[in-house]
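A.B. asks: One line per chain: the protein sequences are E and U, in this order.
Here our numbering = 1-based position in the first sequence + 27.
Here our numbering = 1-based position in the second sequence + 6.
Just so you know, the hints here were simulated from the structure itself, not pulled from any lab data.
Quick reminder that beta carbons are idealized off the backbone N, C-alpha and C, glycines included.
Any given hint could be a false lead.
What the hints assert, rightly or not - Calculated pairs, BS3-like style, for lysine-lysine (alpha carbon to alpha carbon, straight line, at most 25 angstroms): (1) E:Lys338 / U:Lys26; (2) E:Lys344 / U:Lys137; (3) E:Lys344 / U:Lys318; (4) E:Lys308 / U:Lys318.
To be verified - Distance ranges between label pairs, derived from CB positions: (5) E:Glu454 / U:Val32: 53 to 63 angstroms; (6) E:Lys60 / U:Leu302: 38 to 48 angstroms; (7) E:Arg217 / U:Leu49: 38 to 48 angstroms; (8) E:Gly231 / U:Gln313: 35 to 45 angstroms; (9) E:Met119 / U:Leu201: 17 to 27 angstroms; (10) U:Leu201 / E:Leu117: 39 to 49 angstroms.
To be verified - Calculated from the model, a selection of chain U residues having no Cβ within reach of chain E, i.e. all distances over 10 angstroms: (11) Ile22; (12) Pro41; (13) Thr56; (14) Leu149; (15) Asn207; (16) Glu248; (17) His284.
The residues making up each chain are set out below.
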Amino acid sequence: MNDFKWFSIGFQIITDLLLAGGLWMILKKCNMKGWHGLIPGLRFYDLGIVGGRESEGWMAMVFDALNAVFRFGYYFIPADAAVNGVWMLLWMVAAITDIIYEVRVMDSVIRTFDAPKRYSFLWVIMPWYVAAKLGFSVNYEPVNLGRYNDDEELAGTAPADIDAAIDDDPSDDGLVIHLRNRVVRAKGRRRYLLKDINLTIPNGSLVLLLGGSGAGKTTLINAVIGYEKANAQVSLNGVNIYRHYDEMKHKIGYVPQQDLLRLNDSVRRTLSDAALFRLPKDIKPAERAKRLDDVVETLGMTGRDDGLVAKKSGGQKKRISIGMELIADPELFILDEPDSGLDGVIARELFERLRDVADQGKIVIAITHTPDRVVDLFDKVIVLARDSGRVGRLAFYGTPDEAKKFFEKDSMERIVMSVNSTHEGGEGRADEFIEKFAHLKQEGGALSNG
Amino acid sequence: MAEKRRYRGRFAQTGIYLGKLFRMFVYQNDWKMLPMAALIGGLVTFAVGTNVFVTQEGTMNGCFSLACVCVWNGCFNSIQVICRERPIIKREHRSGAHISSYIAAHMIYQAVLCIAQTAIILTICGFAGFKFPKEGLVTSYFLLDFAISMFLITYAADMLSLAISAIVKNTTAAMTVMPFVMMFQLLFSGTLILLNGPAANIPNFTITKWGLQSLCALGDYNSQPMVSMWNMIWKFRGYEIEGQKPIEMLTDYIRKNGLRDQFLQETGAYSAVEAYAHTADNVILCWFVLLLMIMLFAVVAVAVLEQIDRDKR
Chain E
28 MNDFKWFSIG
38 FQIITDLLLA
48 GGLWMILKKC
58 NMKGWHGLIP
68 GLRFYDLGIV
78 GGRESEGWMA
88 MVFDALNAVF
98 RFGYYFIPAD
108 AAVNGVWMLL
118 WMVAAITDII
128 YEVRVMDSVI
138 RTFDAPKRYS
148 FLWVIMPWYV
158 AAKLGFSVNY
168 EPVNLGRYND
178 DEELAGTAPA
188 DIDAAIDDDP
198 SDDGLVIHLR
208 NRVVRAKGRR
218 RYLLKDINLT
228 IPNGSLVLLL
238 GGSGAGKTTL
248 INAVIGYEKA
258 NAQVSLNGVN
268 IYRHYDEMKH
278 KIGYVPQQDL
288 LRLNDSVRRT
298 LSDAALFRLP
308 KDIKPAERAK
318 RLDDVVETLG
328 MTGRDDGLVA
338 KKSGGQKKRI
348 SIGMELIADP
358 ELFILDEPDS
368 GLDGVIAREL
378 FERLRDVADQ
388 GKIVIAITHT
398 PDRVVDLFDK
408 VIVLARDSGR
418 VGRLAFYGTP
428 DEAKKFFEKD
438 SMERIVMSVN
448 STHEGGEGRA
458 DEFIEKFAHL
468 KQEGGALSNG
Chain U
7 MAEKRRYRGR
17 FAQTGIYLGK
27 LFRMFVYQND
37 WKMLPMAALI
47 GGLVTFAVGT
57 NVFVTQEGTM
67 NGCFSLACVC
77 VWNGCFNSIQ
87 VICRERPIIK
97 REHRSGAHIS
107 SYIAAHMIYQ
117 AVLCIAQTAI
127 ILTICGFAGF
137 KFPKEGLVTS
147 YFLLDFAISM
157 FLITYAADML
167 SLAISAIVKN
177 TTAAMTVMPF
187 VMMFQLLFSG
197 TLILLNGPAA
207 NIPNFTITKW
217 GLQSLCALGD
227 YNSQPMVSMW
237 NMIWKFRGYE
247 IEGQKPIEML
257 TDYIRKNGLR
267 DQFLQETGAY
277 SAVEAYAHTA
287 DNVILCWFVL
297 LLMIMLFAVV
307 AVAVLEQIDR
317 DKR
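Given the sequences, and given the hints that come with them, work out the whole structure.
C.D. replies: Take a look at the structure:
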């Protein structure tokens with residue numbers, strides 16, 4: 028029995044050393060502080076950063092620390108059955124949660140190292156083996172670091188240009204975006220989501236916003252409409268959106284990707300309630316009703332606006348969702364994938380309606396992942412790309428024809444593929460085009476007002 | 007900068023949301039809460055029997071069961087109402103909707119729902135043969151006092167669930183939390199499990215404790231006879247000590263001299279609970295605490311939901 032006890036302690040020491048050493052080497056391979064691998068809790072936070080799962084890393088750190096507190100604290104609590112019971116219960120909860128978050132973190136680290144998926148399962152029973160294998164083996168190197176690069180500056184749009192633009196008075200016409208950066212702070216770390224986006228969109232434009240997954244399309248939209256403020260100046264027809272957000276939010280319509288509608292309400296009441304919320308209160312009921320009829324007509328829903336929302340087709344639901352924003356007669360109208368889930372004919376018809384809205388002098392910006400079927404309707408295209416530091420940047424702004432020439436591609440979808448990373452099946456040329464476009468602008472290239 | 011336009015304020019928005027909620031009551035499944043309340047109320051009241059307000063045991067069982075039914079109804083009324091439409095609220099909030107209006111509309115709507123449920127359950131209690139006293143303590147009518155207590159219990163549970171629904175992000179989380187809330191409310195009400203030491207204060211934080219206290223106080227629990235003691239003694243009638251049956255002698259003596267009712271009354275007085283004092287002040291205190299809880303839960307719901315913009319997309 029005594030032999031077994033010493034064997035057990037020896038085994039524990041060896042596996043703990045392997046785990047700590049392995050994690051040290053993993054962090055070192057990822058250009059992090061290797062010695063953090065020795066510190067329970069903290070090491071999982073760093074690994075979370077490595078795998079691009081910082082929030083899970085944070086949770087793993089907290090529960091790993093709690094787990095340690097319960098483990099060592101057990102020797103110091105009073106010898107009372109009730110206290111022991113509660114302590115063990117809390118310990119168990121902390122331990123289970125710790126394991127779950129550790130697996131989540133390590134799963135992303137394992138993918139970062141392009142190691143076999145079974146290692147995620149192995150982590151539960153032999154974490155020391157997985158850590159040692161990834162850390163000490165020369166066969167495993169990080170191939171897809173999820174870590175965000177805070178400070179790396181890509182040669183591109185000169186920040187000085189943006190600064191100068193921000194200091195200028197807002198333009199009187201259209202939508203003017205001077206975005207220096209959009210930064211989020213999470214658990215004390217600074218992470219750039221967007222950088223250096225500088226463009227002007229004239230009134231009456233229908234603009235296509237393109238970019239791969241994670242390029243920052245929705246982040247840019249949220250920054251433009253003032254919902255998530257960036258280090259930027261955004262003005263709409265001469266009015267600073269950030270400074271006058273409370274008034275300007277009523278002049279901006281944003282249609283989210285999902286149809287966020289109460290399905291068991293009637294179509295007519297959904298739109299009339301939206302009118303009550305979004306239109307100024309001095310508008311007379313008759314005028315409001317006329318506005319509602321106009322929107323229903325614009326969206327091609329005349330005679331189909333009765334009944335419950337739940338009973339409507341996907342295309343009709345999307346129109347109702349658009350109608351809820353359109354009813355306020357916004358000057359800037361932004362739609363996040365309005366054609367998702369719609370077939371080609373319905374999607375085309377929807378974009379033709381949006382063309383009509385733009386022709387009324389509004390600015391309409393739409394994100395779509397199937398742009399080629401409707402690209403002829405658009406005046407401008409914005410291409411966002413995620414650079415090597417995983418920061419969203421402007422890779423192009425101009426007409427669709429100019430975009431095709433610039434990227435030397437014959438379709439919008441191929442343009443997106445060219446800036447997408449190789450990991451996503453793209454060509455991984457984002458940095459190249461970001462730089463090319465920035466130089467083109469600096470040289471005063473023939474591209475439209477970028 | 008163009009002229010500043012004025013948009014609908016909190017009061018008007020509350021009206022818009024209220025209209026929406028009542029329409030949803032008809033079109034959505036919310037109306038099913040009423041027949042559900044009838045079903046649950048029926049099951050419990052018929053199981054409790056007709057001794058409610060007649061004996062202490064009947065009153066305790068009846069009042070505790072009714073408090074449980076109220077908590078159950080209240081909790082299920084609103085546990086999913088906010089979390090199921092969280093993205094919609096977020097969209098509306100960014101378009102200028104006030105969270106306080108949204109919660110206020112829910113509070114009014116849920117109050118109506120709780121009143122309806124209280125009326126349904128009281129009607130079922132009547133059908134089940136409950137012998138309601140006539141005189142009230144706070145108002146002149148017992149039924150009105152009792153209905154107010156039941157409404158406040160239901161509504162407090164409803165507001166607790168509304169707050170939970172505002173805190174959690176989705177319906178799965180809400181339904182995971184729900185059983186724990188129910189268990190806490192029922193187990194720690196101070197009725198099923200008697201807690202000692204510092205833990206004895208836990209029931210003060212439950213809706214059921216104050217609800218039960220008001221119901222028992224209204225039902226005049228302390229003045230009622232206790233039958234369980236007599237029944238227990240009766241079971242031990244044949245117990246022999248040195249060839250004699252002293253317990254049988256005692257029960258025979260009580261019965262022959264017509265002292266049974268007095269015995270029941272005496273044992274009832276002996277087991278009286280101070281918290282169930284049959285006074286208007288006691289009932290008003292309970293109502294006040296329940297109202298305080300309602301306000302607290304509503305404030306929590308508004309405060310938490312005001313942070314909805316932080317939801318990840």
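A.B. asks: Run every hint past the structure and note whether it holds.
C.D. replies: Going through the hints against the structure:
Taken as a hint, the lysine 338 of chain E and lysine 26 of chain U pair is honoured in the structure, with Cα atoms around 18 angstroms apart against an allowance of 25 angstroms. Restraint check: the Cα-Cα separation between lysine 344 of chain E and lysine 137 of chain U comes to about 55 angstroms, which exceeds 25 angstroms; the hinted pair is violated. Note on lysine 344 of chain E and lysine 318 of chain U: the hinted pairing holds, with a Cα-Cα distance of about 23 angstroms set against a maximum of 25 angstroms. Taking the CA atoms of lysine 308 of chain E and lysine 318 of chain U, the gap is about 32 angstroms. The hint is violated against a cut of 25 angstroms.
For the pair glutamate 454 of chain E and valine 32 of chain U, the beta carbons lie near 55 angstroms from each other, so the given range of 53 to 63 angstroms is met. Range check, lysine 60 of chain E to leucine 302 of chain U: about 46 angstroms between beta-carbon atoms, so the 38 to 48 angstroms window is met. Evaluation of the 38 to 48 angstroms hint for arginine 217 of chain E and leucine 49 of chain U yields a failure: the beta carbon distance comes to about 59 angstroms. Under the hint 35 to 45 angstroms, the C-beta atoms of glycine 231 of chain E and glutamine 313 of chain U, about 38 angstroms apart, fit the expected range.
Distance hint check for methionine 119 of chain E and leucine 201 of chain U: the Cβ-Cβ separation is about 24 angstroms, which falls inside the suggested range of 17 to 27 angstroms. Look at leucine 201 of chain U against leucine 117 of chain E: about 20 angstroms separates their beta carbons, and that is not inside 39 to 49 angstroms. Under the 10 angstroms C-beta cut-off, the non-interface status given to isoleucine 22 of chain U relative to chain E is violated; the minimum distance is some 5 angstroms. Chain E leaves proline 41 of chain U outside its interface by the beta-carbon criterion, the shortest separation being 18 angstroms against a cut-off of 10 angstroms.
Every beta carbon of chain E lies more than 10 angstroms from that of threonine 56 of chain U, the smallest distance being close to 41 angstroms; the non-interface claim holds. Every CB of chain E lies more than 10 angstroms from the CB of leucine 149 of chain U, the least distance being 35 angstroms, so the non-interface label holds. For asparagine 207 of chain U, the condition that its CB be more than 10 angstroms from all CB atoms of chain E holds, with the nearest at approximately 17 angstroms. With 10 angstroms as the threshold on Cβ separation, the claim that glutamate 248 of chain U sits away from chain E holds: the shortest Cβ distance comes to roughly 42 angstroms.
Distance check for histidine 284 of chain U against chain E: the nearest CB is about 37 angstroms away, which clears 10 angstroms, and the non-interface claim stands.
Of the hints listed earlier, those the structure fails to meet are numbers 2, 4, 7, 10, 11, in rising order.
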